[in-house]
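Okay, here's what each chain looks like letter by letter:
Protein chains: 6
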Amino acid sequence: MKKFSEMKIGEDVVFNALVENLQKRFTPNKKAYYSLGLTDGETIIDARVWDELLVDNNDVKPGCVYSFEAHINEYAGKMQYVIRHILPVDETVDVSSFFRSAPLSGEFLKNSIKEYIQKIDNEILKKIVIELIANVKDLYFEYPAAMSMHHNYQYGLIHHTFSMLRIADTCIDLYPNINKSLLYAGVLIHDVGKTKELSGVHSPVYTQEGNLLGHIVIGLQMLAVASEKLGVEESEEVKMLQHMIASHHGELEWGSPKEPAILEAYALHYIDLMDSKLAALNPEVGKATKGANTGPIGSINRKTLYVPKL
Amino acid sequence: MKKFSEMKIGEDVVFNALVENLQKRFTPNKKAYYSLGLTDGETIIDARVWDELLVDNNDVKPGCVYSFEAHINEYAGKMQYVIRHILPVDETVDVSSFFRSAPLSGEFLKNSIKEYIQKIDNEILKKIVIELIANVKDLYFEYPAAMSMHHNYQYGLIHHTFSMLRIADTCIDLYPNINKSLLYAGVLIHDVGKTKELSGVHSPVYTQEGNLLGHIVIGLQMLAVASEKLGVEESEEVKMLQHMIASHHGELEWGSPKEPAILEAYALHYIDLMDSKLAALNPEVGKATKGANTGPIGSINRKTLYVPKL
Amino acid sequence: MKKFSEMKIGEDVVFNALVENLQKRFTPNKKAYYSLGLTDGETIIDARVWDELLVDNNDVKPGCVYSFEAHINEYAGKMQYVIRHILPVDETVDVSSFFRSAPLSGEFLKNSIKEYIQKIDNEILKKIVIELIANVKDLYFEYPAAMSMHHNYQYGLIHHTFSMLRIADTCIDLYPNINKSLLYAGVLIHDVGKTKELSGVHSPVYTQEGNLLGHIVIGLQMLAVASEKLGVEESEEVKMLQHMIASHHGELEWGSPKEPAILEAYALHYIDLMDSKLAALNPEVGKATKGANTGPIGSINRKTLYVPKL
Amino acid sequence: MKKFSEMKIGEDVVFNALVENLQKRFTPNKKAYYSLGLTDGETIIDARVWDELLVDNNDVKPGCVYSFEAHINEYAGKMQYVIRHILPVDETVDVSSFFRSAPLSGEFLKNSIKEYIQKIDNEILKKIVIELIANVKDLYFEYPAAMSMHHNYQYGLIHHTFSMLRIADTCIDLYPNINKSLLYAGVLIHDVGKTKELSGVHSPVYTQEGNLLGHIVIGLQMLAVASEKLGVEESEEVKMLQHMIASHHGELEWGSPKEPAILEAYALHYIDLMDSKLAALNPEVGKATKGANTGPIGSINRKTLYVPKL
Amino acid sequence: MKKFSEMKIGEDVVFNALVENLQKRFTPNKKAYYSLGLTDGETIIDARVWDELLVDNNDVKPGCVYSFEAHINEYAGKMQYVIRHILPVDETVDVSSFFRSAPLSGEFLKNSIKEYIQKIDNEILKKIVIELIANVKDLYFEYPAAMSMHHNYQYGLIHHTFSMLRIADTCIDLYPNINKSLLYAGVLIHDVGKTKELSGVHSPVYTQEGNLLGHIVIGLQMLAVASEKLGVEESEEVKMLQHMIASHHGELEWGSPKEPAILEAYALHYIDLMDSKLAALNPEVGKATKGANTGPIGSINRKTLYVPKL
Amino acid sequence: MKKFSEMKIGEDVVFNALVENLQKRFTPNKKAYYSLGLTDGETIIDARVWDELLVDNNDVKPGCVYSFEAHINEYAGKMQYVIRHILPVDETVDVSSFFRSAPLSGEFLKNSIKEYIQKIDNEILKKIVIELIANVKDLYFEYPAAMSMHHNYQYGLIHHTFSMLRIADTCIDLYPNINKSLLYAGVLIHDVGKTKELSGVHSPVYTQEGNLLGHIVIGLQMLAVASEKLGVEESEEVKMLQHMIASHHGELEWGSPKEPAILEAYALHYIDLMDSKLAALNPEVGKATKGANTGPIGSINRKTLYVPKL
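Residue numbers (my numbering), protein chains in the order written: chain C, 1 to 310; chain X, 1 to 310; chain B, 1 to 310; chain G, 1 to 310; chain V, 1 to 310; chain L, 1 to 310.
Hints are supplied without guarantee of correctness; some may be wrong.
[Said to hold, decoys possible] With a cut-off of at most 20 Å between alpha-carbon atoms, the simulated SDA-like pairs for lysine to any residue come out as follows:
| id | chain 1 | residue 1 | chain 2 | residue 2 |
| --- | --- | --- | --- | --- |
| 1 | L | LYS303 | L | LEU87 |
| 2 | G | LYS277 | V | GLY250 |
| 3 | C | LYS303 | L | LYS277 |
| 4 | B | LYS31 | V | SER35 |
| 5 | L | LYS24 | G | ASN73 |
| 6 | B | LYS31 | B | GLU20 |
| 7 | B | LYS287 | B | ASP138 |
| 8 | G | LYS2 | G | PHE99 |
| 9 | B | LYS126 | B | GLU228 |
| 10 | B | LYS287 | X | ASP173 |
| 11 | B | LYS258 | B | GLU236 |
| 12 | V | LYS309 | B | GLU209 |
FYI, nobody ran anything at the bench for these hints, they're computed from the structure.
Excised from the complex, chain C in its bound form:
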């Protein structure tokens, strides 16, 4: 079956897709229609269903997969899928194959993360990291790292963490006064609060807690409770980790209540900044044509990138 990336304006197409989101809207003449976000597991496309009964009669719901017939129009220079038929999918279809996911396998990422945990030489730091991950268990190994800005897919959190650990290795090599165990531990848990800030693995929204506290504050609380439980709440290790979680956004105006004040906190901040930006830009460039521009990219304020003809 054709992927969205292979379809073109003007074509009539048939495809299976997962409904990522769905909204009822009205034209100025009060006629109801539906706007849908559909994914084939790789790309997300916009679709319109002008005949509201197509949606109502099939009881179409977000998070489910259907078979669609559509014509692809051009609208404001972009492709717009106009849906003509919606049908239930064959029971043999594997729904999970429509979940967008990290470019590396969840298995590989999970194992890599566990290997890095074993490389932490300091026992208190290792114990804390293990405890914190154990507390949120599978969420840590399944969650996306964000709603939309970067790593916004299954395994996104460990994909982000794994890439950061790789950059951390280079930093530890170049700047030998960095404490390896502390930097590893900081990278591993800096975003652990995201498991409570976001509502789930697929199509997440912010939880109430996420809106009112944010992942930095949530992570600090999780660390405080875990340290108390392990009886290490007064240790230098815990204080340094708390400081690293608190300061990893680097500046007050970016939501960190404190600026970095130890070398490992600075390293964590610059590693996080680099990976969250470049990992968001890299796939956009991959999707675009050489000599042309990408579409608008959320993480750089909807600016576009040019792709060199090289």
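Dock chains X, B, G, V and L against chain C, hints included.
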């Protein structure tokens, strides 16, 4: 015995005073001298001891009271006390009378705080407030509210809290959708982290924890641990209090990791802003002459205020 | 007759309402329709009239009351009133009952303001306040305090002034170096320029003068002329009041040509800030459901507030 | 007699000079000395009097001229005049020749200003300008335009005004929709409030009014009172002039309570900006050597300019 | 033939016009229509073609002139031309008469520019200016100065340059330490990079180079290459011109990699600022009615100006 | 011979050291003395010479090595070397051993850089890099990367470049849409302008060109001239490199005339940011004690870092 506020340039004076701080310095000719901050319990003055032996021989230390003989010079338009003799004080001198303190008595403030706690109708909120204060016990009722900006004296923290509760009462009256219990609880514990951010009641400096985390993050951790202990960590009450602690500075660039997002958090922020500013300005105006300007005031970037001739 | 707050999506409704604003618009197909803002004296709702003749034949005008028949659609998740009939209202209908107004009665507010004026001990200050209010007479006691941000209804200006005087009383109590008469006078006239900045009591827009000068500059001019007339233009009192009007927005970037430089000007600024914010948020929370969010609120950049389930 | 600009490090010099300012200071060893700012009517130099009796015995006061003997030391790479003798000056010395003054004569500037007033075609505008200048009379024609940033000398205000009128002529020519009379009037009175913001013609400081209100607010009040007196307070002309005074700093953060909103206000702002900056930089470049840098310049945050070797 | 400025809402009109831009769009019902920007050489108007065949059958293209029949609707308070017929124009129509152009003739501007070049006394500066202009030849004398903000029409670049030279003359007169030749040269070439930043004389867009480098960087490169060719790359003249191009936007945040650091660079910046703003505002005021406001103006963030009734 | 890092307050010491800088100063009593910055090739210390003849008689000059006798005082809590004797050094002393240098050998860094150049697959990019480095030859391989902020020592420029290439390798691996050759080329030449911005290898200051243009603009000019010489000035490769040099500071306010607009420019910016910050912090942490704070660090606005006790 004359108070500092009654002494004048040109006079030779004798007085008892507490040493708030003490620093050895050198002239360009390498001659050692001492610079001292002295207080009579009301005002702080600058003093110089050109003969280093006066300090060394008496083993002068910060936090202790001595008897001084001095001449008052003018230096750059301000008074400078040049110390000529230092003597141990009579044993009958009450050292505690030299500690600067809130303009209201500690007893009155403590009782008032306790009355307000009783006015919290919500049992979970009341339990949390009591637990948190119990955890830091006397520190809460003795501590200053800051190192230098405002309420920087014994009982400063409860003086600040008490004034805020008074303003809160007016707000609750004017804006009836404010939840009284929630606002009281938020005011009572918003600065509880200061008991770990500052090093002590008299002449405090920032603790290591204070430097690396700040009182907002410390307070959030204290609340997380206390809620866990009380078994109410998932309650709406705890989430709202955490949000109020996190957002009470009002803006990210002022160190709050989240902006206020409930009515009570907005009220807390504006009440805190009003009292921390006006309580810092009020005594400076009291010390100055009508028709003249105050000295430079730390909390408004060392600007001065004019005192109207009214 | 049902209030807007009691109506629901899907209902057919009949009601009397005042037209707050009215705009002719066109669909992409060039068909004309009307967009109306209607109020029942409490809430403002959005309505559409797809048949332009309904409006044209009834000579519908802003500021007048009509009887409407409508169906309530859902549009983008919100209620949209689609008007089917418009009729003149019965002559017995009291138009003034459709004007939105302060939650306290105009009579009460006016009397309270007058009592506060009598509490000003300084004769020059009292004379100036009386003269300034006399110059704009009923406008002062009828006007809203703003177009949309806060207190945007009849008696809004004195409602805002009265609440500020109440907070001022608490401040005078807590910070005894505040000059009571000066702060009262400053609160009473700080927004007097609004009577020329806004075009009227109901559905006001900015006047030309309002656009080009703003209420701070207009107030300064009114005070300059009034002081000249009373022969007190060189008095300390006038200079302090001018400074307080000029600086009450607190910061240059918020439109104050000078920052506060006397204690009473700082108090005025923080009192104004507190009431203009909290008075705008309070009713929005009142209209929302516990455990849910309010609609977007203009005075906090269209963010929403969460309403705790407490 | 040699001018300061002709003297060199290492020389012993004798000269008459006006004392611009004078301060008693103390060395770390408590020895009193005096720091003086002296001018020959062109340049200002720093001087030290290590023997305090030289100053005390001669009753040396700011604003008076004396005869000095001095040695010129080098201190931190700059010239430092060390005074050895101070004597009263010969009675025939013309004190006024020591006042620093505009590079164009006061007579020429005054006449030029008056000619421009005659070029205002609109009678109301002309009447207002004449009335406002008449109210402050000689001050307008004598005052500096600032304490230190630009045109900080006798006739500075009319020098600044005259240069701005010259640039205005070019603008009127290039941008024909500018109303000539309105722009002339705006330029002529935009800084009239400086006559009350500054304390006098020579060595001015800010008045209390200047500190609390600033020249924009003062000018607005003067215009309000003058317009009332002339009975034109409701005229379009007055409103436009008020707007131009209020907005001539161009941006809120630079102290204008409103941004420009008419073409003439924009022109006034850019003309004022250009002259206040370039007129401050021009003489500094004149004093420096080609291929070298000027000293630090106050109006550009104490940066220096390079002077091209061309 | 009527000009656009003479047409009114409700009229049926016939006119020739140049297509400045053209976009295919879709209604919510998927019906295609065209949106066109048309100019009569003076004004630009918005037009809609609801029948897509009118455009497709006539092969309508931007940059060409056609004859149109239209009805003028009102849409959101503005005129909207609804096109009913499109016909090829008579061959005798002079297409170039539909290009918008500077208010002064290209011939006059070109000659004026050449006269100013002759007034440069410094031979190196004169040689560089001539070489740089020769390199881009007719582009310099034909190009607009910007896409939309100011001087966005044929000859706009030399119109802008000419006006700046006129203001420069006044500055040279008022601030005699400005080096005349250096300022002239700087004004003449400061925007030379625009000939590569913009795609052409009529309806320009940003080139790829324009997007990636901008006219400041492009101009610096053109100057570097030209100086190398003339063998003057190490001269003081070239260094000063490079600095002036680099710093002419005045502040880092406005895209200048260096702030001005010589007097002539400051003069260039303020002259450029004045002309680019006032030249953009002047025609908008000319088009508006006295006592009313202009439309929103792009160069002042879409604010409007009021036009005084004087 | 003892290194500075081994000396203590109170000791009398004898050592050879290079004079990094030297300034004549005066005490308030006009007595001349000298302030010297001395280095042993590792650390820089502050010294005072109270007897000016010691300096004058030995004709002491920056950049030369002498033998010193000194006593180490404490001044404001820091060590102050008071010089008692200065003697010429033995002719056998190797002056170059007193130059501070990169922690990796110049030979190793130079060879590593050359290997990376060979890894550039694109011939145009390789040719440009080789040409640019050849043009400034040994300077590229000897220069520091900055005056004071980071890599401010011999071989600093290639040390910085080498570390960035190492981080680039990690990025190329993690973000496969990065063009390896383009990123290598960009890293290799992004700071080539520093060879003209700084005055030399040891104790550099900004050149006139450095002050007026900065290394970004200088680098752009060098690239423009080199590309012209190689005949590739219109190639995509050159445009991309120009864009990368122009945008490598990332934001306008940090001196980049354009923000990054291709993936490789973003990568370059974040790699440069990471290395310039962490490489500056790393040695400061190395010099400090665990559990204490470093001294104030220039590259983070003179804040200090805490060094964890781990």
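Verification of the supplied hints:
no.	hint	in the structure
1	L:LYS303 / L:LEU87	38 Å, violated
2	G:LYS277 / V:GLY250	13 Å, holds
3	C:LYS303 / L:LYS277	27 Å, violated
4	B:LYS31 / V:SER35	17 Å, holds
5	L:LYS24 / G:ASN73	12 Å, holds
6	B:LYS31 / B:GLU20	23 Å, violated
7	B:LYS287 / B:ASP138	31 Å, violated
8	G:LYS2 / G:PHE99	17 Å, holds
9	B:LYS126 / B:GLU228	15 Å, holds
10	B:LYS287 / X:ASP173	18 Å, holds
11	B:LYS258 / B:GLU236	18 Å, holds
12	V:LYS309 / B:GLU209	14 Å, holds
Hints 1, 3, 6, 7 from the list above are not met by this structure, while the remaining hints are.
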